[in-house]
Amino acid sequence: RLAGRFGSQCTVLAIDARRRGARWEVLTHAGRRAALPDAVAWARQGAERGAGEILLTAWDRDGTGSGYELELIEAVTRAVALPVIASGGGAGPEHMVAALAAGADAVLAASIFHHGHWTVATVKAELARHHVEVRRC
1 RLAGRFGSQC TVLAIDARRR GARWEVLTHA GRRAALPDAV AWARQGAERG AGEILLTAWD
61 RDGTGSGYEL ELIEAVTRAV ALPVIASGGG AGPEHMVAAL AAGADAVLAA SIFHHGHWTV
121 ATVKAELARH HVEVRRC
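In this text, residue positions in the sequence shown follow our numbering: the first is 1, and each later residue adds one.
For the record, the hints were derived by calculation from the structure and aren't laboratory data. Glycine included, C-beta positions come from ideal geometry on N, C-alpha and C. Do not take every clue at face value.
[Stated by the list, open to error] Label-pair restraints from in silico Cβ distances:
| id | residue 1 | residue 2 | range |
| --- | --- | --- | --- |
| 1 | 5 | 134 | 16 to 22 Å |
| 2 | 65 | 4 | 23 to 29 Å |
| 3 | 7 | 117 | 22 to 28 Å |
| 4 | 23 | 2 | 24 to 30 Å |
| 5 | 66 | 9 | 29 to 35 Å |
| 6 | 125 | 37 | 40 to 46 Å |
| 7 | 10 | 38 | 36 to 42 Å |
| 8 | 1 | 38 | 19 to 25 Å |
| 9 | 5 | 101 | 34 to 40 Å |
| 10 | 30 | 8 | 22 to 28 Å |
| 11 | 116 | 71 | 19 to 25 Å |
| 12 | 116 | 41 | 39 to 45 Å |
With these hints in hand, go ahead and build the complete structure from the sequences.
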């Protein structure tokens with residue numbers, strides 16, 4: 001209904017996913033509840049219902065600095081023709097480049113800026129060095 005009222009460009013489907021065996025389940029309530037058994041199927045449903053993009057968070061990796069969940073990114077980007085923003089696990093530009101290579105259209109970064117090692121300007125410069133299109137600071 002939101003996409004019908006406001007347009008798909010205003011509708012972002014946020015999926016918090018956790019690996020469960022060979023699949024990724026959808027979590028709600030700040031990761032305390034498993035809501036749906038298949039995040040990829042939920043992404044497809046969201047696309048069919050009018051979502052304009054997907055914010056895809058790998059719950060197991062969020063804040064760990066261990067890199068984005070590349071298999072999850074690949075599975076969702078193969079399943080839907082929507083922009084996908086990868087979230088959860090990025091510790092530096094090399095992880096961002098890997099997520100983009102796995103099919104993400106954009107990456108979300110938060111905790112990498114909290115400890116002072118990376119600044120927005122240095123991350124953008126490093127991404128540009130890897131031929132990733134970024135807005136200049």
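Verification of the hints:
| no. | hint | verdict |
| --- | --- | --- |
| 1 | 5 x 134: 16 to 22 Å | 33 Å, violated |
| 2 | 65 x 4: 23 to 29 Å | 39 Å, violated |
| 3 | 7 x 117: 22 to 28 Å | 39 Å, violated |
| 4 | 23 x 2: 24 to 30 Å | 26 Å, holds |
| 5 | 66 x 9: 29 to 35 Å | 33 Å, holds |
| 6 | 125 x 37: 40 to 46 Å | 42 Å, holds |
| 7 | 10 x 38: 36 to 42 Å | 26 Å, violated |
| 8 | 1 x 38: 19 to 25 Å | 23 Å, holds |
| 9 | 5 x 101: 34 to 40 Å | 36 Å, holds |
| 10 | 30 x 8: 22 to 28 Å | 26 Å, holds |
| 11 | 116 x 71: 19 to 25 Å | 31 Å, violated |
| 12 | 116 x 41: 39 to 45 Å | 40 Å, holds |
This entry does not satisfy hints 1, 2, 3, 7 and 11, going by the numbered hints stated previously.
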